[in-house]
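Student: Spelled out, the chains give:
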Amino acid sequence: MTGLSTLPATLYARMYFIRRFEETLLDLFAQGKLVGTTHTYIGQEANAVGIVDHLEPERDVVFSNHRCHGHYLAFTDDAFGLLSEVMGKATGTCGGKGGSQHLCRGNFYSNGVLGSIVPVATGIALAEKKKGTGAVSTVFLGDGTLGEGVTYESLNMASLWQLPVLFVVENNHYAQSTPIELELAGSIAARGSAFGVEVAELDTTDVAEVHETAGWAVARIRETGEPFFLVLHTYRFSPHSKGDDNRDPGEIEKRRERDPLQIAGDRLGPAEREGIEQAAEQRLAETVAAADEAPAAEAA
Amino acid sequence: MTGLSTLPATLYARMYFIRRFEETLLDLFAQGKLVGTTHTYIGQEANAVGIVDHLEPERDVVFSNHRCHGHYLAFTDDAFGLLSEVMGKATGTCGGKGGSQHLCRGNFYSNGVLGSIVPVATGIALAEKKKGTGAVSTVFLGDGTLGEGVTYESLNMASLWQLPVLFVVENNHYAQSTPIELELAGSIAARGSAFGVEVAELDTTDVAEVHETAGWAVARIRETGEPFFLVLHTYRFSPHSKGDDNRDPGEIEKRRERDPLQIAGDRLGPAEREGIEQAAEQRLAETVAAADEAPAAEAA
Amino acid sequence: MSAPSHKRCVQALNEGLHEVFAERDDVYLLGEDVLDPYGGAFKVTQGLSDAFPDRVLTTPISEGGLFGVAAGMSLRGLRPILEIMFGDFIALGLDQVVNGISKFREMYDDQVTVPLVVRTPMGGRRGYGPTHSQSLEKLLLGIPNICVVAASECHDLGGLLANAVDDDRPVFFIENKLMYGRPNRRPEEGHIGELAVRETGTRYPALTFSGTDFTEASATIVTYGGMVPIVLDAVTELILERELFCEVVALSQLLPMELEPVFESVARTGALVTVEEGTLTGGFGAEITARVQEEAWSDLRRPVQRVAARDGIIPSARPLEDAMLPSAGDVVEAVVALEAVRS
Amino acid sequence: MSAPSHKRCVQALNEGLHEVFAERDDVYLLGEDVLDPYGGAFKVTQGLSDAFPDRVLTTPISEGGLFGVAAGMSLRGLRPILEIMFGDFIALGLDQVVNGISKFREMYDDQVTVPLVVRTPMGGRRGYGPTHSQSLEKLLLGIPNICVVAASECHDLGGLLANAVDDDRPVFFIENKLMYGRPNRRPEEGHIGELAVRETGTRYPALTFSGTDFTEASATIVTYGGMVPIVLDAVTELILERELFCEVVALSQLLPMELEPVFESVARTGALVTVEEGTLTGGFGAEITARVQEEAWSDLRRPVQRVAARDGIIPSARPLEDAMLPSAGDVVEAVVALEAVRS
Ligand SMILES: Cc1ncc(C[n+]2csc(CCOP(=O)(O)OP(=O)(O)O)c2C)c(N)n1
Ligand SMILES: Cc1ncc(C[n+]2csc(CCOP(=O)(O)OP(=O)(O)O)c2C)c(N)n1
Ligand SMILES: [Mg+2]
Ligand SMILES: [Mg+2]
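Protein chains in written order, with this note's numbering: chain P, 1 to 300; chain E, 301 to 600; chain V, 601 to 943; chain X, 944 to 1286.
Calculated directly from the structure, the hints in this document are not laboratory data.
A few of these clues could be false.
[As the list claims (entries may be wrong)] The calculated PhoX-like cross-link candidates involving lysine-lysine, where the alpha carbons are at most 20 Å apart (straight line), are:
(1) V/Lys777 with V/Lys643
(2) V/Lys643 with P/Lys242
(3) E/Lys542 with X/Lys986
(4) V/Lys607 with P/Lys242
(5) V/Lys643 with V/Lys607
(6) X/Lys1120 with X/Lys950
(7) V/Lys777 with V/Lys607
(8) P/Lys33 with P/Lys254
(9) E/Lys542 with E/Lys333
(10) X/Lys950 with X/Lys986
(11) X/Lys1120 with X/Lys986
(12) X/Lys1120 with E/Lys542
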């Protein structure tokens, strides 16, 4: 994935790989090769990729949620660790203990209880500030997770103590089966500013736009040391988990017209695009083969 | 307390009684006649009295917090029940089981864990709405309690489900020993409106002003069935609990110039005022005597 | 072991909900994603919001607040049922349970009651990983003034749920994820399969299973919920492969503890094994053991043995999860070990 | 029973904090109202923020969030101490404990550690009422992979707190409201008052008290924290008025349970009483009983007896509160009852 000459190409390559990784996971589930649960990132790739490009994996920290694969791949590029984790292999990121929702590698963490990660990410920012590392602590939350009160406790503390937290709200308009109108009152952006946190809001699936705004937000955090609330209106094309989807198919179709891959891909020349896609397919095939062969996690 | 001809007189009488009741409690503590803890309402009387005058004790519901005596007296006028509860008497509101922070009588409830009462008051509003009683559910919270996330979960639900909740924030600028600057970021009023809840904000110790705005808020709730967020900036003259006060005495003195009793009392003629005060003193003395004589709570 | 004609447990619970909604109009249900057509993450509420649109509320993701909302509704005379999507998330509501729901009646000097039901699925064996597989009902057993019910696939699931709604106390109604898809096997003519079954006439009955028609047996096994079929498998294996007979007491009321059927069985067997899916320390088995050794000291010929999950996380990978959770094999082993030390 | 020269427990804890802050610069303290001059609701942090202004944070009233913040700090290499003003409020943070703090190390396959200390006062007898008087450490005993420490006035309080900070595990450090004001009586030449005392050399030691220099005694009493002086009073009364001698084991590490001193004492006495201030069901005594009856079955001549609070709320009025909580008289009664049934 390195070696690509331009930013659009790099971003497209990352997004494309995430998309295909997630589709592959859903296939493997359908084939009965995976058990447990998974929440794919299909349709939201521009967010992870656009934001994470501004983070330094050796210094910055990411805390993600149940829908963490896209964030994980963007931040660590560790497809084999993730796939073998989800497959319950000993070579998984967490030796098969965590599974799809509970990942940890380097400065990346995720957990599956909604909301609970937000104060942890805030505490991480406090620690990094006290240690003087200059790190930014990024936490990803969905629209539904704005229902959890601990989110506001965290906004208050981050604002009060001027902590370098990037709160990213990915509003994909649904929490599991529930449309946002039935779970959220008022305004998302206003919820950030009510706590004195700087807010930016974007309604786009264009990774270039996300990249620009996120770059500005991260730069601002590094400069001021203060938190930032980045609201991204987005959409997922895949079901919530594996097969549970009661949304109007027409609505999904309409959203697919703004597929972030399409938008980013159209910016590239056909040869470059094809090269990227072929490289991704090959890497993915190798990753699946390697994970398939890896030893299953075994009790000590 | 009934039989007073004018609203200013009635409001003053209620406020004066609360003030003297609370001062008496502090005295009794100092004399060692009470154990446990207590949080007095001295300085904030205009809030309870101005608001509760618009509520109907037979229909509406109040859920209060640790600093609940003023709300209780304004809503129930049951001084004997409260005093004997705090004194651990069998005749107390809750037979001595609850004590100062855990009261229940008719449609009045209180509990001592900060924040936890807010969703309960929201559920009460939901029940009353479903039952079609037209009741308003009022909940009192302090500035410090805005730190508890469940407050925002409640605002969201009340707004989403259009529930008749009156959220009253009494910002007395301190949470125990902590000044508001160290516990609260951003804007209190904005925290209500971020959840789509109508807000009014007052910085006054004049019961007439509180009464007017509260009247408007309660009328609006009755009319629309929707929640309201009433922010009252205020001050307590007494320590947080019994003797713990690290505030600058100069600050307290300065605030005492805007003593709500003074403002409301000055509106009355001297004879009327004196009559009210004497009646209150007599009632209080009788209440103390009766509570003193009441049997102690005893284990079954 | 079960006739194919039995309805599945999820259907029994669902029918129970429909019946109780039809009977009482003060019953409400709240929870995340409970509306039709979705009908809840585990489909227990299917059809309910279509049938009773005003009394089924889908909610924001606010478990802490929802416990409070349910408390408020019940203080004002309604009978809310709160569905918590995964039992692991009751931890988010424990302040409301410990400091509100369980206290209101007694601390307000019996001026109020708090009739509410919290329904939630517990248990692992589906590879859901550490935060979606726990059996946290053990945390509730230390809270006074609440009722904890955990029925098994051999109980009248719909009836028990209706009883919980009629109860004036706060009731935690613990379901089990694997149970949902299994047949709701009820005793027929006093038997389930080969085993004779006695059922107490209590609100939340205990079932006692015997392979010897309640004559002599080597040990009593007390368990509940999702462990019941696993224990019954173990009992069958013990009969067939070791010629050891055990009685099984499947409680459905875990709190307040009413252990008469256990005492009666131990009087016959002289030995007890407790079995639970939750982690060992501070669990169901500990409290039962403390009570039984005190009340039935002279009946016990051996110390009570506990079978439970290892004290740790429940891993996601299936081999790791299996090694962590108690199995039929573990139950067999415990009974055999008890026999081995029998004097 | 105590020399007036002993420092008070609150001072011992406070000095422990000052020492540990002076020794390690990765230690932080967070909590409500912890800044000077207030120094915390129970004054344990007095002087700390003046001495270490950058490492003491007063916080908003956000217990749930604070548990998470402490977790995040410790994941990143700091050693936070979180003060929760009243132990009753740990219920607000249990999701963070159950689903985060206690799981991170194991579920992340040992890639991280979560060294943090939660300090909080538990206990009643001050008339604070139902939501400010509980002993909720029992709820923690069912959570794997955490450590629960509850020292008594006879332990080296400052030293234990320093050990907790040095511990790589999450530690709940339970204090007791009445203990704060009492002298921190340490053994001198192997004695506290008339009683001989042995102390284990473990990180969180157990103390065993004996009135017969560890020769014969009628029973062992195992307890911890704020119940220790009450049990010692009971023991004195039993000696003086009944001529009954008991050994007392005062644990300080409640979880993971390490019961060697209990087994050793029971080997001498043949009988055990557990004593705790929390409510009976699902508590400390249940787990101890389950373990002791299993491990020390042949030593036990009588069933283990449990003394605890009645299963209910802790009322505010003092006579009601006294009737609810276990007293020295209850301990005496339990020991006497044990004697009465002794064969
Ligand atoms: C505390 C908690 N409650 C409920 C769930 C179950 N759950 C998992 S994902 C989800 C919906 C989340 O919606 P949102 O935050 O919008 O994220 P999205 O799935 O849309 O990315 C729910 C209810 C959970 N994991 N944690
Ligand atoms: C959950 C919880 N945390 C802490 C406390 C202890 N406490 C009681 S009152 C108080 C301060 C409350 O401040 P505020 O909400 O502003 O109300 P005020 O006392 O100023 O009326 C604190 C910290 C509590 N009762 N509940
Ligand atoms: Mg969403
Ligand atoms: Mg205040």
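Student: Each of the hints needs a verdict: does it hold here or not?
Tutor: Going down the list of hints, with the structure as the test:
| no. | hint | in the structure |
| --- | --- | --- |
| 1 | V/Lys777 with V/Lys643 | holds, 11 Å |
| 2 | V/Lys643 with P/Lys242 | holds, 15 Å |
| 3 | E/Lys542 with X/Lys986 | holds, 15 Å |
| 4 | V/Lys607 with P/Lys242 | violated, 26 Å |
| 5 | V/Lys643 with V/Lys607 | holds, 14 Å |
| 6 | X/Lys1120 with X/Lys950 | holds, 16 Å |
| 7 | V/Lys777 with V/Lys607 | holds, 16 Å |
| 8 | P/Lys33 with P/Lys254 | violated, 32 Å |
| 9 | E/Lys542 with E/Lys333 | holds, 13 Å |
| 10 | X/Lys950 with X/Lys986 | holds, 15 Å |
| 11 | X/Lys1120 with X/Lys986 | holds, 11 Å |
| 12 | X/Lys1120 with E/Lys542 | holds, 17 Å |
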